[in-house]
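Q: Sequence:
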Amino acid sequence: MTDLYAVIGNPIAQSKSPQIHAAFARELDEDLRYEAILAPRDGFAAAVAAFRAAGGRGLNVTVATERTERAEQAGAVNTLKFDGEDALGDNTDGAGLVRDIQDRLGFVLSGKSVLIMGAGGAARGVVLPLLREKPASIAIANRTVEKALALQRLFAPFGAVEGGDYARLSRRQFDLIVNATSASLTGELPPLPPGVFASGSLAYDMVYGDEATRFLIHAREHGAAQLADGWGMLLAQAAESF
Numbered sequence: 001m002t003d004l005y006a007v008i009g010n011p012i013a014q015s016k017s018p019q020i021h022a023a024f025a026r027e028l029d030e031d032l033r034y035e036a037i038l039a040p041r042d043g044f045a046a047a048v049a050a051f052r053a054a055g056g057r058g059l060n061v062t063v064a065t066e067r068t069e070r071a072e073q074a075g076a077v078n079t080l081k082f083d084g085e086d087a088l089g090d091n092t093d094g095a096g097l098v099r100d101i102q103d104r105l106g107f108v109l110s111g112k113s114v115l116i117m118g119a120g121g122a123a124r125g126v127v128l129p130l131l132r133e134k135p136a137s138i139a140i141a142n143r144t145v146e147k148a149l150a151l152q153r154l155f156a157p158f159g160a161v162e163g164g165d166y167a168r169l170s171r172r173q174f175d176l177i178v179n180a181t182s183a184s185l186t187g188e189l190p191p192l193p194p195g196v197f198a199s200g201s202l203a204y205d206m207v208y209g210d211e212a213t214r215f216l217i218h219a220r221e222h223g224a225a226q227l228a229d230g231w232g233m234l235l236a237q238a239a240e241s242f
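Going by the numbering used here, the sequence shown opens with residue 1, and the numbers climb by one from there.
Derived by calculation from the structure, the hints in this document are not laboratory data.
We treat Cβ as the ideally placed atom computed from N, Cα and C, and that holds for glycine.
Take the hints with a grain of salt, since some may be wrong.
[As the list claims (entries may be wrong)] DEER-style ranges, computed between Cβ atoms: (1) 200 with 29: 39 to 47 Å; (2) 195 with 57: 45 to 53 Å; (3) 41 with 120: 18 to 26 Å.
With the hints as constraints, model all of the structure from the sequences given.
A: Below, the structure written as structure tokens:
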């Protein structure tokens, strides 16, 4: 019997998840069907219920009632797994980022200085998985300082985390700089001070596209040794949820 899975959201046409999961299924010789479901903005629960009634086994999604520890820490979920009447929400973004950085790119996080630009959901979802790899420190920079400080307070029990604005980055260098802002979607650049890219550094933009983002172009011009966009993270988080 063919197992049914899907990605659900609104909008959904841009999602690459069906192609990615179909490729995983072929590779592992799994009998499954993976669809994209457009959920009405006022009918998400009904769409999920209809999917479950049709025998659906799991969803990649953004909301849930029960969550794993990493989803709780991230404050969001992107995967929903069904077990009878129960639904468990998980967040695989951070695990996908770490897997892409270490396994595909060969960049060892242990002992490294990390800068995360942005303090929204994308940033929150990756801080704890990064901390678990034992970096020397993680700095979180955001235009609204209080949001960065809120993440500092949330994750300080798990490792060396500091929050602040971009001005605090002056005369500092980082081994890994992650752009977790939405600036690349509009062709903008976060207000990075000069000289932040350490020798041998990796610049990672969580946004992906057909061309290099403005952040990655800037990083290349200012000393970053490696560049990567979020496509590898998307593949890795899909593998994590598969």
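Q: The structure should be examined with respect to each hint, and the outcome stated for every one.
A: Here is what the structure says about each hint:
1. 200 with 29: 39 to 47 Å: Since residue 200 and residue 29 have Cβ atoms about 40 Å apart, the given range 39 to 47 Å holds.
2. 195 with 57: 45 to 53 Å: holds, 50 Å
3. 41 with 120: 18 to 26 Å: Holds, since residue 41 and residue 120 (Cβ atoms, about 20 Å apart) stay within the stated range.
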